[in-house]
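Novice: Spelled out, the chains give:
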Amino acid sequence: MSERERWRRETYESFTRGAPERPVPFESLSGLPVEPLYTPENLREWSHDEKLGYPGEYPFTRGVYPTMYRGRVWTMRMFAGFGRPEDTNARFKYLLAQGQTGLSTAFDMPALMGYDADHPRARGEVGREGVSISTLDDFERLFDGIPLGDVTTSMTINCTASIALAMYLAVAEKQGVAWSRLGGTMQNDMLKEFIAQKEWICPPEPAVRIVTDMIEFTSTQVPRFNPVSISGYHIREAGSTAVQELAFTLADGLAYVEAALARGLDVDSFAPRLSFFFDIHNDFFEEIAKLRAARRVWARFMKERYGAKKPESMRLRTHTQTAGVSATAQQPLNNIARVAIQALAAVLGGAQSLHTNSYDETWALPTEEAVTVALRTQQILAEETGVALTVDPLGGSYFLETLTDQMEGATLEYIRKIDAMGGMIRAIDAGYPQKEIADAAYRYQLMDDRGEKVVVGVNKYVMTETRPIAYLRIDEAVELEQIDRVRRFKASRDIAKVERRLKQLADACREARNVMPILIEAVKDYASLGEISDVYRQVFGLYREPIIF
Amino acid sequence: MTADRTVRVVVAKPGLDGHDRGAKIVARSLRDAGFEVIYTGLHQTPEQIVATAVQEDADAIGLSVLSGAHNYLFTRVLELLREKDAADIVVFGGGIIPPEDVTALKAMGVKEIFTPGASTQEIVRFVREHIRAAA
Numbered sequence: 001m002s003e004r005e006r007w008r009r010e011t012y013e014s015f016t017r018g019a020p021e022r023p024v025p026f027e028s029l030s031g032l033p034v035e036p037l038y039t040p041e042n043l044r045e046w047s048h049d050e051k052l053g054y055p056g057e058y059p060f061t062r063g064v065y066p067t068m069y070r071g072r073v074w075t076m077r078m079f080a081g082f083g084r085p086e087d088t089n090a091r092f093k094y095l096l097a098q099g100q101t102g103l104s105t106a107f108d109m110p111a112l113m114g115y116d117a118d119h120p121r122a123r124g125e126v127g128r129e130g131v132s133i134s135t136l137d138d139f140e141r142l143f144d145g146i147p148l149g150d151v152t153t154s155m156t157i158n159c160t161a162s163i164a165l166a167m168y169l170a171v172a173e174k175q176g177v178a179w180s181r182l183g184g185t186m187q188n189d190m191l192k193e194f195i196a197q198k199e200w201i202c203p204p205e206p207a208v209r210i211v212t213d214m215i216e217f218t219s220t221q222v223p224r225f226n227p228v229s230i231s232g233y234h235i236r237e238a239g240s241t242a243v244q245e246l247a248f249t250l251a252d253g254l255a256y257v258e259a260a261l262a263r264g265l266d267v268d269s270f271a272p273r274l275s276f277f278f279d280i281h282n283d284f285f286e287e288i289a290k291l292r293a294a295r296r297v298w299a300r301f302m303k304e305r306y307g308a309k310k311p312e313s314m315r316l317r318t319h320t321q322t323a324g325v326s327a328t329a330q331q332p333l334n335n336i337a338r339v340a341i342q343a344l345a346a347v348l349g350g351a352q353s354l355h356t357n358s359y360d361e362t363w364a365l366p367t368e369e370a371v372t373v374a375l376r377t378q379q380i381l382a383e384e385t386g387v388a389l390t391v392d393p394l395g396g397s398y399f400l401e402t403l404t405d406q407m408e409g410a411t412l413e414y415i416r417k418i419d420a421m422g423g424m425i426r427a428i429d430a431g432y433p434q435k436e437i438a439d440a441a442y443r444y445q446l447m448d449d450r451g452e453k454v455v456v457g458v459n460k461y462v463m464t465e466t467r468p469i470a471y472l473r474i475d476e477a478v479e480l481e482q483i484d485r486v487r488r489f490k491a492s493r494d495i496a497k498v499e500r501r502l503k504q505l506a507d508a509c510r511e512a513r514n515v516m517p518i519l520i521e522a523v524k525d526y527a528s529l530g531e532i533s534d535v536y537r538q539v540f541g542l543y544r545e546p547i548i549f
Numbered sequence: 001m002t003a004d005r006t007v008r009v010v011v012a013k014p015g016l017d018g019h020d021r022g023a024k025i026v027a028r029s030l031r032d033a034g035f036e037v038i039y040t041g042l043h044q045t046p047e048q049i050v051a052t053a054v055q056e057d058a059d060a061i062g063l064s065v066l067s068g069a070h071n072y073l074f075t076r077v078l079e080l081l082r083e084k085d086a087a088d089i090v091v092f093g094g095g096i097i098p099p100e101d102v103t104a105l106k107a108m109g110v111k112e113i114f115t116p117g118a119s120t121q122e123i124v125r126f127v128r129e130h131i132r133a134a135a
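Chains as they are written, first to last, in our numbering: chain A, 1 to 549; chain B, 1 to 135.
In case anyone wonders, no lab produced these hints; they're calculated from the structure.
Be aware that one or more of the hints could be misleading.
[Claimed, not checked] Simulated restraints, written as ranges between beta carbons of each label pair:
#: 1; chain 1: B; residue 1: PRO99; chain 2: A; residue 2: ARG443; range: 26 to 36 Å
#: 2; chain 1: A; residue 1: GLU50; chain 2: B; residue 2: ARG31; range: 43 to 53 Å
#: 3; chain 1: B; residue 1: GLN48; chain 2: A; residue 2: ARG443; range: 28 to 38 Å
#: 4; chain 1: B; residue 1: PRO99; chain 2: A; residue 2: ASP484; range: 22 to 32 Å
#: 5; chain 1: A; residue 1: ILE495; chain 2: B; residue 2: PRO99; range: 42 to 52 Å
#: 6; chain 1: A; residue 1: ILE341; chain 2: B; residue 2: GLY109; range: 37 to 47 Å
#: 7; chain 1: A; residue 1: PRO223; chain 2: B; residue 2: ASP32; range: 46 to 56 Å
#: 8; chain 1: B; residue 1: ASP32; chain 2: A; residue 2: VAL24; range: 24 to 34 Å
#: 9; chain 1: B; residue 1: ALA86; chain 2: A; residue 2: ARG443; range: 34 to 44 Å
#: 10; chain 1: A; residue 1: GLY264; chain 2: B; residue 2: PRO99; range: 51 to 61 Å
#: 11; chain 1: A; residue 1: GLN379; chain 2: B; residue 2: ASP88; range: 51 to 61 Å
#: 12; chain 1: A; residue 1: TYR94; chain 2: B; residue 2: GLN48; range: 34 to 44 Å
#: 13; chain 1: B; residue 1: ARG31; chain 2: A; residue 2: GLY451; range: 16 to 26 Å
[Unchecked claim] Computed footprint of chain B on chain A, listed as stretches where at least three residues anywhere in the stretch have a Cβ under 8 Å from a Cβ of chain B:
#: 14; stretch: 197-205
#: 15; stretch: 322-335
#: 16; stretch: 355-367
#: 17; stretch: 439-452
Here a beta-carbon is modelled for each residue, glycine too, at the ideal position from N, C-alpha and C.
Make the full structure from the sequences, and use the hints.
Specialist: Structural data, given as structure tokens:
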């Protein structure tokens, strides 16, 4: 009998006969069982060198850099965007003045779906959920006075990401900043759009082809730029478990690698610039284990399946964001506590950058005050708590290492299934990840409704009256003003030039030439986001999703 | 009004917003509670939603909006229902909608608005209590 077994029988069981454990399910949010105690016996087959290794070295479980936050703390990157470009520009400047170290741009729904502000489908949505962008004129206002050579910018945009990248490069050119100096990230992860976030123009194959164009183009022209941020965030927010988030995200990543290899690119020429984005939810240890498992699984695939040689190709660098879906409208100040704990998990998981949600986001876009609290939460973590003093401080924890192995195992099982279906594009066509997520979301909601998962302030510790909070209002006039400006601006263009560019773009799309060079010329001649998206619609056709609920 | 047939609800995602976790959960909860549910899928215009509701002879429309465009989209659906002489179709909904807007939308004729944290039981109870199948 092992010592652990002896303890279980002699001490634990005799104790719980008199004092039973709480009648709650002892399992993680993903449903993995959690034992009362973890000891070296859980790690009997486990090898330090094989499973952990050292930070900055394969398989990168403990972190992608040798010094981690001792060298530089994570990038504090608050997602911001609303109203007209100048409104967001002011918020950017405010955040930089408050000590934020990178920008992150939220676009409005029309920009995300390929419509100009003056399109009928944009009505009611202009500048609501993010900044309104139709032409390069808007982009110039958005980044006015922000030195693009010094600040890195992340842009959450997908089916129109190629257009945003073209506009960003054009603005850099106008600022006199060489593309080789530009750092930043386009989200540009179309596969997870079909799986979860649901912003699209054309079907998966042409969508992935444009993503591949961007990977190819930036690998030589904008070498410090991350052309895609392979995102689990939206998968999780759509209701998946942590295991599904990890598995589908890595499977998406593998699909992009395959697409780039099929283009004839060398794996080490583009893999170092692939980046990731994960959600950080409430289950503290599971989230930390998820990031550690993500690094190990990715490193193994890159080395073993794709024969990457450069360590940089095997490194999974990730942005993180606290879980919007965990925030509650009831007792909104409680969200500050949730965000702080989730942010701590992101840091202990070794994230490269972090966005902390604001407590008021279940009501509206955040106020300046709420954003400041969220940013200060990160600064407190980095500078007051001591968690950034050593690399992977939880490494070697019997519990955490067991959990990391379990996450890895469950992920590999999903990836095997997806491989067997012929890869992620086929799996999406079959509705597989969509269905898995819808089922998990429904199960979670039912547990929540039955009170099996406690949500403080919602199904337990409920208060009838809570103090209202201030929230951000976006005046209706903003929309009308922006529409009017876009109309006038579009009327002032040399329309023959615009049309010539759009025709050249359509040809490049049809002839399978890389779209980026012509896109850059097109936006410089002020072809609009909506007009360019129309070309995509005409050439590639519209995507229609299978309806699964 | 007699409940000859099952209450029929159109669950719809108006506008460009793709956040469909809530809409799908609501659609499934209502279906599991015994209602007839038609889920429109994403990116519907108010015109498309009203046309579906009229065509399907729906008793209610549940709108889910998380993009902040609720004022425009809910109002437009109400307007179109009146134009089509279908104002008896009950409109309810949910999303990221601040309290002030909830009050205003209800004053305009939206029957109920559910915000983050609402349970599926609450929503099912609402439909059971407030929506009757047209004879």
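Novice: State for each hint whether it applies.
Specialist: To see whether the hints hold, each was checked on the structure:
1. B:PRO99 x A:ARG443: 26 to 36 Å: 30 Å, holds
2. A:GLU50 x B:ARG31: 43 to 53 Å: Cβ of GLU50 (chain A) to Cβ of ARG31 (chain B): about 48 Å, so the range 43 to 53 Å holds.
3. B:GLN48 x A:ARG443: 28 to 38 Å: 31 Å, holds
4. B:PRO99 x A:ASP484: 22 to 32 Å: 31 Å, holds
5. A:ILE495 x B:PRO99: 42 to 52 Å: Hint holds: Cβ distance 46 Å, inside 42 to 52 Å.
6. A:ILE341 x B:GLY109: 37 to 47 Å: 42 Å, holds
7. A:PRO223 x B:ASP32: 46 to 56 Å: 52 Å, holds
8. B:ASP32 x A:VAL24: 24 to 34 Å: 25 Å, holds
9. B:ALA86 x A:ARG443: 34 to 44 Å: With Cβ atoms ~36 Å apart, the hint holds.
10. A:GLY264 x B:PRO99: 51 to 61 Å: 56 Å, holds
11. A:GLN379 x B:ASP88: 51 to 61 Å: 55 Å, holds
12. A:TYR94 x B:GLN48: 34 to 44 Å: 40 Å, holds
13. B:ARG31 x A:GLY451: 16 to 26 Å: This hint holds: roughly 23 Å between Cβ atoms.
14. 197-205: holds (count 3)
15. 322-335: holds (count 5)
16. 355-367: holds (count 5)
17. 439-452: The restraint on the stretch 439-452 of chain A holds, since 6 of its residues have a Cβ under 8 Å from chain B and three suffice.
Taken one by one, the earlier hints all hold for this structure without exception.
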